[in-house]
Amino acid sequence: MAFKLTPGQRSAVRVLSHLLCLAPAAWLLYLAITDGLGANPAEALLRSLGDWAIRFICLALAVTPLRQWLHWNAMAKYRRMLGLYAFFYASLHWLSYVVFDMGLDWPGIIADLVNRPFILVGTLAWLILLVLAITSIPKLIRLMGGKRWQWLHRSIYAAAALAVLHFWWMRAGKNNFDEVWLYGSIIAALLLARVVFRVRKARLQHVVKS
Amino acid sequence: MQTVRSAVPGAISTEKQTPFQDASSYNNYYEFGLDKGDPVKNAHTLQTQPWTVRVEGLVNKPQTFDIDQLLKLSAQEERIYRLRCVEGWSMVIPWIGYSLSKLLDKVEPQGSAKYVEFVTLADPKTMPGLRSGVLDWPYTEGLRLDEAMNPLAMLAFGMYGHALPKQNGAPVRLVVPWKYGFKSAKSITTIRLVEQQPGTAWNKAARNEYGFYSNVNPDVPHPRWSQATERRIGEGGLFARRNKTLLFNGYEEQVGQLYAGMDLRKNY
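Those sequence lines, one after another, are chains U and A.
FYI, in this note's numbering the residues of the first sequence are 1 to 210.
FYI, in this note's numbering the residues of the second sequence are 1001 to 1268.
Fair warning: there could be bad hints in the mix.
DSBU-like cross-link-like pairs, simulated, lysine-lysine; straight-line CA separation at most 35 Å [stated by the list, open to error]:
hint : chain 1 : residue 1 : chain 2 : residue 2
1    : U       : Lys201    : U       : Lys77
2    : A       : Lys1125   : U       : Lys174
3    : A       : Lys1102   : U       : Lys174
No lab work stands behind these hints, which were simulated from the structure alone.
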């Protein structure tokens, strides 16, 4: 998009977007302190953080299609930020499972990972996000080189797929798939948009060449 | 409601009761929505008057009871039961009602009757949850006849000194304290004595997760929730420690003999 921001406006947008991304965490913290999380606060916190993790995965995945289809290149800067917030909420989600749901009962947690595949799948998704978060430090990006970095960071697609699988498996016990469908279709659409864009681009290049 | 203290062994837990606020706002009642906060918001539409319960099947005296008749059928007892949900949480609830056996005795089960099927209300006009295909409506449950005749198995009409809130299964529900909560069917309309093991709502939805018996058992794991421990609702907030779950939810002395010689891992 063509409009230009002054440096002051740009940093204001930056601060504002951080505040927006942190708002769900702040709200949950407020509810936790004021006893506003309902009858089962640990469960409410765990689920809400999981919801926000998958929402931020969707937002991070939406950046590239927005850039490609709307030529909204200014969005590129936000991809890293949104991805890191996805990692932030996924980490809080995982931590609240370990601390509040399991009470740091490590043998119990290990038994869970073995016996309940949906927890293993969720943990794998989080581990991928962890690797991506670490390798998004600018120094490491340079060290790795653009090609290798890009190759590694495509594993966000795997993390997104695992997150949906985790959600689906968790909800399967209750036959309650509405939200799984919602996030699953958003992620599928965002991945499909990339494929369609590539195919069209390849075709255009072909036309130009011949 | 006028009540007498129950004389049934094991019927009065001395544990700290769950606050009424929690017990009446954190409910699984899928007919009124999938979220545990939904029933308290949506169940106001439930019509509990007039209400009848049909008791039929392999009985000598099939009969349709009006809810007022049922309320007076036996002395209303207060019983304080632990409630263990398959999701890994538990409550302690003071129910009002009487043993299911009091009603079953009235209709005289025949010798061929082996199981009791419970059918609950499925009214699309008042129950928004029926639009979802999550379960095969109406919600049905079942017990073996000897389980149903155990004095701890209870028909409940009230809790915390008052009539049941609609979200808790008004006007009459089952409470089977040694089984996971979903066995305790809400808003019952028909009780049927049958020879074959009846299908039950959750068993039909996910056979490998929810068995017909569904006795509380810390040694039989569930694919979704650890059954070894539980969180007591209303205690300790976010940092509440999980307690160890007891076999038959701590009612082994009263109900253990029902399962003598049975492989509880197979008959989960």
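- Message: Run the distance test for Lys201(U) versus Lys77(U): straight-line Cα separation, threshold 35 Å.
- Response: holds (23 Å)
- Keeping to a limit of 35 Å between CA atoms, is the pair of Lys1125(A) and Lys174(U) held or broken? holds (23 Å)
- Message: So if I understand the rule, the pair passes when the alpha-carbon distance is 35 Å or less; does Lys1102(A) with Lys174(U) pass?
- Response: holds (34 Å)
When held up to the earlier numbered hints, the structure conflicts with none and fits them all.
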